[in-house]
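Residue numbers (my numbering), protein chains in the order written: chain A, 1 to 135; chain B, 136 to 630.
None of these hints come from the bench; they were simulated from the model.
Any given hint might turn out to be false.
[Unchecked claim] Simulated restraints on C-beta separations: (1) B:ALA428 x A:SER22: 29 to 37 Å; (2) B:LEU139 x A:SER101: 27 to 35 Å; (3) B:LEU337 x A:PRO54: 29 to 37 Å; (4) A:THR65 x B:ALA188: 38 to 46 Å; (5) B:ASP460 x A:THR65: 27 to 35 Å.
[As the list claims (entries may be wrong)] Short derived list, chain A residues pointing at chain B, Cβ under 8 Å: (6) ALA8; (7) SER22; (8) CYS28; (9) LEU32; (10) LEU64; (11) PRO72; (12) GLN73; (13) LEU77; (14) THR78; (15) LEU86; (16) PHE89; (17) VAL93; (18) ALA96; (19) ILE97; (20) LEU109.
[Unchecked claim] Calculated from the model, a selection of chain A residues having no Cβ within reach of chain B, i.e. all distances over 10 Å: (21) ALA55; (22) ILE82; (23) VAL94.
From the three backbone atoms N, C-alpha and C, an ideal C-beta is built for every residue, glycine too.
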Amino acid sequence: MMPALVCALWISLAASLYLVLSRDTLRCVIGLGLMGNAVNLLLLASGRLQYTQPAIVPPGESALTLAANPLPQALVLTAIVIGFALLCFSLVVVMAIAERSGKDDLLLLRYTEPKDTASVAPPFLEEEKETPWQP
Amino acid sequence: MATLILLPVLTPLATMLCTIFTVRHQRWQQWISLVGSGMLACVVLILLQQVLAKGPVLTALGGWPAPYAILFRVDVLSAVMLVLTALMACAALVYMASEVDPCPPHPLTHPLLHGALAGICGAFCTADLFNLYVWFEVILVCALGLLALGNLGGRMLQLDAVYKYFAPNLLGTLLLLIAVGLIYAATGYLQFDALHQAAPALPEALVTVLVATLLLALLIKSAAFPLYAWLPASYPALPVAVMALFAGLLTKVGTYAILRMAGDVFSPTPGILMEGLGWIAVITMVAGVLGAAYHWDVRRILSFHIISQIGYILLAIALGGLAPDSASAHNAYGAALFYTVHHIIVKANLFLLAGLVFACAGSFDLRRVGGLVATHPLLALLFAVPALSLVGVPPLSGFWAKLLVLQEALAQGRMLWAATVLSVSFLTLYSMLKIWQEAFWKAHPGAKSQKISCSLAPAWLTITVLSGITLLLGISPQQLLEVSVLAVRSLGGGP
Numbered sequence: 001m002m003p004a005l006v007c008a009l010w011i012s013l014a015a016s017l018y019l020v021l022s023r024d025t026l027r028c029v030i031g032l033g034l035m036g037n038a039v040n041l042l043l044l045a046s047g048r049l050q051y052t053q054p055a056i057v058p059p060g061e062s063a064l065t066l067a068a069n070p071l072p073q074a075l076v077l078t079a080i081v082i083g084f085a086l087l088c089f090s091l092v093v094v095m096a097i098a099e100r101s102g103k104d105d106l107l108l109l110r111y112t113e114p115k116d117t118a119s120v121a122p123p124f125l126e127e128e129k130e131t132p133w134q135p
Numbered sequence: 136m137a138t139l140i141l142l143p144v145l146t147p148l149a150t151m152l153c154t155i156f157t158v159r160h161q162r163w164q165q166w167i168s169l170v171g172s173g174m175l176a177c178v179v180l181i182l183l184q185q186v187l188a189k190g191p192v193l194t195a196l197g198g199w200p201a202p203y204a205i206l207f208r209v210d211v212l213s214a215v216m217l218v219l220t221a222l223m224a225c226a227a228l229v230y231m232a233s234e235v236d237p238c239p240p241h242p243l244t245h246p247l248l249h250g251a252l253a254g255i256c257g258a259f260c261t262a263d264l265f266n267l268y269v270w271f272e273v274i275l276v277c278a279l280g281l282l283a284l285g286n287l288g289g290r291m292l293q294l295d296a297v298y299k300y301f302a303p304n305l306l307g308t309l310l311l312l313i314a315v316g317l318i319y320a321a322t323g324y325l326q327f328d329a330l331h332q333a334a335p336a337l338p339e340a341l342v343t344v345l346v347a348t349l350l351l352a353l354l355i356k357s358a359a360f361p362l363y364a365w366l367p368a369s370y371p372a373l374p375v376a377v378m379a380l381f382a383g384l385l386t387k388v389g390t391y392a393i394l395r396m397a398g399d400v401f402s403p404t405p406g407i408l409m410e411g412l413g414w415i416a417v418i419t420m421v422a423g424v425l426g427a428a429y430h431w432d433v434r435r436i437l438s439f440h441i442i443s444q445i446g447y448i449l450l451a452i453a454l455g456g457l458a459p460d461s462a463s464a465h466n467a468y469g470a471a472l473f474y475t476v477h478h479i480i481v482k483a484n485l486f487l488l489a490g491l492v493f494a495c496a497g498s499f500d501l502r503r504v505g506g507l508v509a510t511h512p513l514l515a516l517l518f519a520v521p522a523l524s525l526v527g528v529p530p531l532s533g534f535w536a537k538l539l540v541l542q543e544a545l546a547q548g549r550m551l552w553a554a555t556v557l558s559v560s561f562l563t564l565y566s567m568l569k570i571w572q573e574a575f576w577k578a579h580p581g582a583k584s585q586k587i588s589c590s591l592a593p594a595w596l597t598i599t600v601l602s603g604i605t606l607l608l609g610i611s612p613q614q615l616l617e618v619s620v621l622a623v624r625s626l627g628g629g630p
């Protein structure tokens, strides 16, 4: 079980990191959502995964040994809720950016940067003059 | 006892509720907000006095037994940070009563501000790793709300700032969660005391990887090199008082967490990590001040200075981790705490002053203001105090703070780090002189378009009090130094 889980974690963390570094704002948010899921899987993996008994202490004993640890599951629930709220918020922000400015390219979002008045060429592209990168 | 330790979190939450109920009545909301921050100040002062007299105050939430409960533990370090939080909250809220910003604050600003304060106080009080993550999230959510509201610039400015804030910070948060999950998997505990007992039993390489992940996440939250560009991009989109509060407090929660982790929970931290932290700190210092030297918007210059000064605090923590014996470790960690106190007050003061410059001269852009020495000489004097303190000129608090860091760097033989400390001070001086020259000394360009706002008195009051504290700390630093050393003596397994 653990090798399969570790492979799944590697793949999803790598994919989400690739998406987070994207120029497209929506892809970045989707990457963050996927990374949240991957991290929740990692938290879950820190409990014992190989058992299938319910997490009830058998009568006569005082410790839970043959079932999964419920504490990481509680941590995962908290993390899911927080991640869900942040994902909703970030999707609204991305939608608002796309609606109001018509663009979703991160390099074109220059509203918080100072207006370039120096002779150094601005790093974003003037759509009339330059051509976008070719992939 | 249990109630007292929960009050720093409960008071801002209660104020948040009350200000939500009075959303349609601005006057009531302002007064409730001010009273709430005053009550927070009283609570944390009582808590500080309790902690200094009788030692750390502890409570287990839910009454659960020791290694499994979520503990709230306030020792002298946490109490000092709480006092600073309350001070900054009072300063920002009093400042908000003046009409510095061109339009009145959005009705939801006060509730979100108190929500952020609750998160900050919770992060300082908690002694549980996952609980720390939760409080970081509370701060993040409220900060995102405040960034999205704003009231200066257009909608697109706010949305851009929100996006540029949440993408790196969410990445940092998820990295923090990865670190927490791995630490729990390795040790089976989440409480700071239990982790401190359990960490030495693990192999050194494993502890190095775990603590590295944790520190990396906290460094993203503290705006260290190389992931700091979100700070100057997003902070200028806030209203002035909120920006001053954020500038003073949010990154310091990150550095407090780094101090707690490296100096207390996982001490003795592997040397290679502290070495890496020292180099990151040095590069952060230089990157911040060089960024500040380029820009013309006062808020952006000051935001880059936050980054530069965070480098100083991180350098002090790294020197503490690399110290050969516990006496010099205490000196270095004490220097980190002293620097944090000095910096929170000075940085918030500078941002509030930038707001007053906007109100008196009409712009945040240095190329469009001027002549303030002639029209508002008191403002010039009040600017000189925190500006020179930031540079490190005696007899202001920054001199002692930088001297302590420099002494520790020289005592450990780190010549390059000491040289960087000094040269970054010179570059900070250049930056402050640029602001002085452009905003105060030179004549006002163009028409004398002075924005006359009627009630600026609360703003003047706040700035005077904060400058006074800086001057006081500079003239007699002994008390704060003693409290700092007392605070760090209990770190790393002390009493």
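Violated hints, by number in ascending order, as checked against the structure: 2, 5, 6, 7, 10, 12, 13, 22, 23
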